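Visitor: So you can see what is in the structure, the chains are spelled out below.
Protein chains: 2
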Amino acid sequence: MSDVLRVGVAGLGTVGASVVRLLTKHGEKIALKSGQTAEIKAVSARNRARDRGVDLSGYAWYEDPVEMAEKADIDVFVELIGGDNGPAESSVRAALSRGLHVVTANKALLAKHGVSLAELAEANGVSLNYEAAVAGGIPIVKTLRESLASNEITRVYGILNGTCNYILTRMEAEGLSFEECLADAQRLGYAEADPSFDIEGDDTAHKLAILTSLAFGTKISDESIYIEGITSITTADIQAADELGYRIKLLGVAQRTDTGIEQRVHPTMVPKASAIARIDGVLNAVAVDGDFVGEIVLVGPGAGGDATASSVVADIVDIARADKTAVLGMPAAHLEDYTRARMRLHEGGYYMRLSVHDRPGAFAEIAKCMADEGISLESIVQRRATRAVNAPGSGGDSAPQPVILITYETTEVAVKKALEVITEKGVVSHPPQMIRIEKLK
Amino acid sequence: MSDVLRVGVAGLGTVGASVVRLLTKHGEKIALKSGQTAEIKAVSARNRARDRGVDLSGYAWYEDPVEMAEKADIDVFVELIGGDNGPAESSVRAALSRGLHVVTANKALLAKHGVSLAELAEANGVSLNYEAAVAGGIPIVKTLRESLASNEITRVYGILNGTCNYILTRMEAEGLSFEECLADAQRLGYAEADPSFDIEGDDTAHKLAILTSLAFGTKISDESIYIEGITSITTADIQAADELGYRIKLLGVAQRTDTGIEQRVHPTMVPKASAIARIDGVLNAVAVDGDFVGEIVLVGPGAGGDATASSVVADIVDIARADKTAVLGMPAAHLEDYTRARMRLHEGGYYMRLSVHDRPGAFAEIAKCMADEGISLESIVQRRATRAVNAPGSGGDSAPQPVILITYETTEVAVKKALEVITEKGVVSHPPQMIRIEKLK
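Quick note, the sequences are listed as chains C and Y, same order.
Residue numbering for the first sequence is 343 to 783, as defined by my numbering.
Residue numbering for the second sequence is 343 to 783, as defined by my numbering.
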């Protein structure tokens, strides 16, 4: 093994610049710990003129990352371009095919092409590391690939998107609307100009797809994920959750069931006393339930240039130490096919918020619909809606009243059916809100 | 590399039996993931007749672990005997000297002999893994040795003893005395018959000594740790903390300062909103502050046969994968000497609880002592002590009154001096209680 591990970095955004700074600042420490000096030899980005706050003059410059992957004198190709196809995919494939180790922070790429990239890495006898692709600075990939390798995992779940958690935290803390908090997140750089990828749950789903494969030894299947974002969450939901002893978090959950593996991303009511309820702001958290270890929870920054760079460089250090883990925890040929669980059988408690027409018998109709589906109710909160004193029509008319229902454990199919019937019967003025309640420690 | 990694387990208590069960139950999974089948070939314990709930008939039996280390046909020697000398130490040294990999859960052994054992492992080109020695099932050793290898660590701290955390949690939740909670912990098997090693802070100190070395790249120095246990904590302290927005936890803290590295174990008041305040019962938690990663927190079971076995087997899996990390994160020869920080310069807020004689001018004297040492007070809580209505002498005499003081940031030397003067002047009826306040996120 050479004394120097030659690194090429493709993509020089915030994370790329932090990787350059980290390798420069702590190069000696890394050499001492890993036995090899990791030195950047080449970089790739489109705009050479842009000031990135780091000195890039000593590195070979490639405008085309594929060209860098194919030609640069490097041992490790670091992909920080992003996107599940285009130059990210083609440069990673070129690097692996050439026998370079690859480090990437690209969750979309892994979620879509993880298995075929793992096969390519194996065929070429190189590492494909991606600690930064899931939960930023949190070492969850290593924990699942290595530390918990001997456990039978029953569930992995977490807060995997800092943008959503920031919005939900502020909505709760300050009683602000979703739109106000999103605007603040955008102003502070926690959300993109087009935030849909985060707030609709797709980013969480990509990360969950990777965690599922690592936890259960199945092929990555990001198309089998039930996804619901946080855009429908209102301050009324947040307040009701608070009063009932819950907080609302966007969770990604993967769980082994009798019928297969369930993967779902949706706003979830979690008990205030649970570890996950207490993760605030842009932090991420991942919990893993294993048959021997019990439950462990890892908490930390899920994004940010420096935290993400910490994970990228950890992957480089593993390569410098000649530590080769199977890309997806075991040889790709041994991964089981992913069998999707019948989500309709998912059991748990449910929260429902209905805007009920204020007319005689409305509540009896709701109660009957629930009973017809065998749903038992744990709590019912009906509260006269606040009205502006001088608002027109505020004198005893039939303005809709909010009704909150919490069910005991029941099935999703029963809840959806009941809500459908309630809506069809015209008992409610707006589409009902439904949020799943997760049993957590 | 052979297809089979032959394992010998010395010590067949709760953890040893769990290791046997785990390797038996998940042997195939481990083989798939690591490329080698880890098979137990030999075991060692004194009492062969005892029923341990696992079938040991297929393994060679050694009464003497040293003999097993020297003679058994094994590749990995697993030490689960315990103790910082005697058969644990001699068998580990024999195994390393013979060129066997060693896995141990023995924090006392590592704290006392870690550096010389690391040197011995290096000289023989074998691994010495000890994930289970710190915080049970939590993968903190791997996280520090590998995932955070490229970070400059500024602080590592945590709840490292489940017995103490269980006692403090119950004292707070139920208003019970230390003695009552300790008795319960003993009845439930969370505390030993002789609990002093846990409740006096020594167990936490051993684990902290290991974390310090990994975090700061210094030689292990468990004799330089300031240690204070939880035996002096009363329900009055717990209640006062609660009212002031804090919880009391036994923390191990290692921190880089201008004068060296500070290692301390003591009851600590932590803000209720901090992640560490919310770790209840027998759980452990470890937080690490790194210059790039920021703060990450790992939470999980700190003890228990199965959780500990999970970490022991994770170490075996690393050996099966031929992953060799430097025992203490870097070659032992490169570890810096440990320089103890001047603890007297430690700065932070302090909580003091005084039993003040109820006489004119007492409070003025206290205030003057604090002012003389330059201590600013953030809160002062003086509350007339509750007295039994018919208690003798309850009618306006001079029974001591509890006074709670919270200081702004000051130095330990100032606080100790002030308390000394207050005591000398006879203002207080009992030795003052002093608890450090830790600034945490």
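Hints in this document: simulated from the structure, not taken from any laboratory.
Hints are not guaranteed to be accurate.
The list cannot tell twin chains apart, which means a pair is met if one copy fits it or any two copies do.
As the list claims (entries may be wrong) - With a straight-line cut-off of 30 Å between C-alpha atoms, the simulated DSSO-like cross-links for lysine-lysine are:
1) 383 with 666
2) 383 with 371
3) 367 with 614
4) 666 with 367
5) 367 with 781
6) 561 with 367
7) 383 with 367
8) 371 with 758
9) 767 with 561
10) 454 with 371
11) 561 with 614
12) 371 with 781
13) 781 with 614
14) 454 with 413
15) 371 with 759
16) 561 with 371
17) 561 with 454
Predicted, not measured: the structure shown is a model, and the values here were computed from it.
Visitor: Of the hints stated earlier, which fail here?
Guide: The structure conflicts with hints 3, 8, 9, 11 and 15, although it agrees with all the remaining ones.
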